[in-house]
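Protein chains in written order, with my numbering: chain A, 1 to 210; chain B, 1 to 255.
Incorrect hints may appear among the rest.
To be verified - Under the rule of at most 30 Å between Cα atoms (straight-line distance), these lysine-lysine pairs were calculated in the DSBU-like manner:
#1 A/K204 - B/K112
#2 B/K227 - A/K128
#3 A/K128 - A/K204
#4 A/K208 - A/K128
#5 A/K49 - A/K203
#6 A/K208 - B/K227
To be verified - Covered stretches of chain B (chain A as the covering partner; in silico rule of three or more C-beta atoms under 8 Å from a C-beta of chain A):
#7 84-92
#8 212-223
Claimed, not checked - Label-pair distances were calculated between CB atoms; the ranges are:
#9 B/E252 - A/R125: 46 to 56 Å
#10 A/P45 - B/I240: 22 to 32 Å
#11 B/Q31 - A/R125: 26 to 36 Å
#12 B/G24 - A/T121: 51 to 61 Å
#13 A/P109 - B/A28: 26 to 36 Å
Everything labelled a hint here was simulated from the structure, so no lab data went into it. In this text, all values refer to a predicted model and were calculated from it rather than measured experimentally. Note that the Cβ used here is the ideal one computed from N, Cα and C, for glycine as well.
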Amino acid sequence: MTGFLRAHGYEMARLTFEHLWLTLFAMLLATVIGLPLGIVLSRRPRLAKPIIGFANVLQTVPSLALFGLLLPVPWLGENAARLAILALTGYALLPILRNTYAGIRSIDPTLTDIATALGMTARQRLLKVELPLSASVILAGLRTATVTCVGVATIAAAIGAGGLGELIFRGVASVDNGLVLGGAIPAALLALLADAALGFAEKKLTVKRA
Amino acid sequence: MAIAAVEFDALSLVLSGGRSILSGIHLAIEQGSTTALLGRSGSGKTTLLRMVNAMAAPTAGEARVMGEPVASQDCTSLRRGIGYVIQETGLFPHMTIERNVGLPLEMAGASKTQIATRVAELLPMVGLEGTSFARRYPWQLSGGQRQRVGLARALAADPPILLMDEPFGALDPVTRVEMQEMMASLIERLHKTVLLVTHDLEEALYLAQRVIFLEGGRVVADLPSNKVMPSSDPHVRQYIRAVRHNHRNHEETAS
């Protein structure tokens, strides 16, 4: 064990960092796109079906196939990390978009009505009422998205984007279980950690009603 | 004569499907008076009330507040100048009682200390004594207490006009009477123009100086409170009959 860590510890740390970087960058992009889009869709429910449907299709494409499909795309295919981040963003988009939309739509209409009647502007209503009331649902979406991203990011190694998947793939190729676990255990821990941390935040933000 | 606080001028609302909700409403509501809009569910009374704070818009005619057409006013500033109380209270579950009550002031840009001072003044006014209420959340309060908070919020910015949509409709009979008594004393002290939507004739007579009867989106009777019981108008009589019927039932069960 210590021998393994001495031999591969530095690499594991580097790849864990790479893995985190891929995931966080993709999550940031997906949030920047998904959150405002979800808010817009909650105002225009007629657009929601086709757009959420599209995000759903993205989600359904198997990850390895999606990487394969994007590889020949000119600008994208040149840089493996760029491609991986974009694909991960695609996966993270649906849970964020869907939960933002559903969270806002599920708010008691009496509350949005009274917010308007109290003289709130659309912006005040969003910031003071709608987002705080749907925060826990939105966070649940971020949680699902993060866990998915951590998982799919291991596959990104297949196209040379790095991350903990690299150890797994290398271990499989050289029939070295230690190497496989050296990638798999940190990847699993990352997912569990993200899930626990976001789950805790979600609980904190849940509004008590009765 | 002073200008009317609220005026409806040939106001009508026809939905796109052709269903008529309100037709040809002509009314002038005197400043500082309390007026009840009485009618069954679907009579258009809530919609008429919502014309005043631009929460509903007419398809013909207009509503005026202090002589100014509602349609030509900025919605948000108009609404901030009108108190609004609803049956469901509409308290925000993620905000403390203090923040809920102080919202109209928060939107007007008042400071935290100004808000806290005003809230401390408002809560006892609606019968919520003690400092502990301010820091609680709506779920920690009873239905009656929540309704009091809703009223305090409507009064927070000291608006000249107060719209009340069945404010006591969801309360148990004992709490309801308590709230009506408190409301009567508030009306006497605060001199606001109050428009009260209700389906309860007794409540209307107890709180208002004038009762407007609505049916199918039309005004079918418009009487000072003291002329309601002697009235021979058939629309008015059916409400009186309903009240008497209830009382007779109570007496029968008592004997």
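Against the structure, the hints:
| no. | hint | verdict |
| --- | --- | --- |
| 1 | A/K204 - B/K112 | holds (25 Å) |
| 2 | B/K227 - A/K128 | violated (47 Å) |
| 3 | A/K128 - A/K204 | holds (17 Å) |
| 4 | A/K208 - A/K128 | holds (16 Å) |
| 5 | A/K49 - A/K203 | holds (29 Å) |
| 6 | A/K208 - B/K227 | violated (48 Å) |
| 7 | 84-92 | holds (count 5) |
| 8 | 212-223 | violated (count 0) |
| 9 | B/E252 - A/R125: 46 to 56 Å | holds (51 Å) |
| 10 | A/P45 - B/I240: 22 to 32 Å | violated (46 Å) |
| 11 | B/Q31 - A/R125: 26 to 36 Å | holds (31 Å) |
| 12 | B/G24 - A/T121: 51 to 61 Å | violated (34 Å) |
| 13 | A/P109 - B/A28: 26 to 36 Å | holds (32 Å) |
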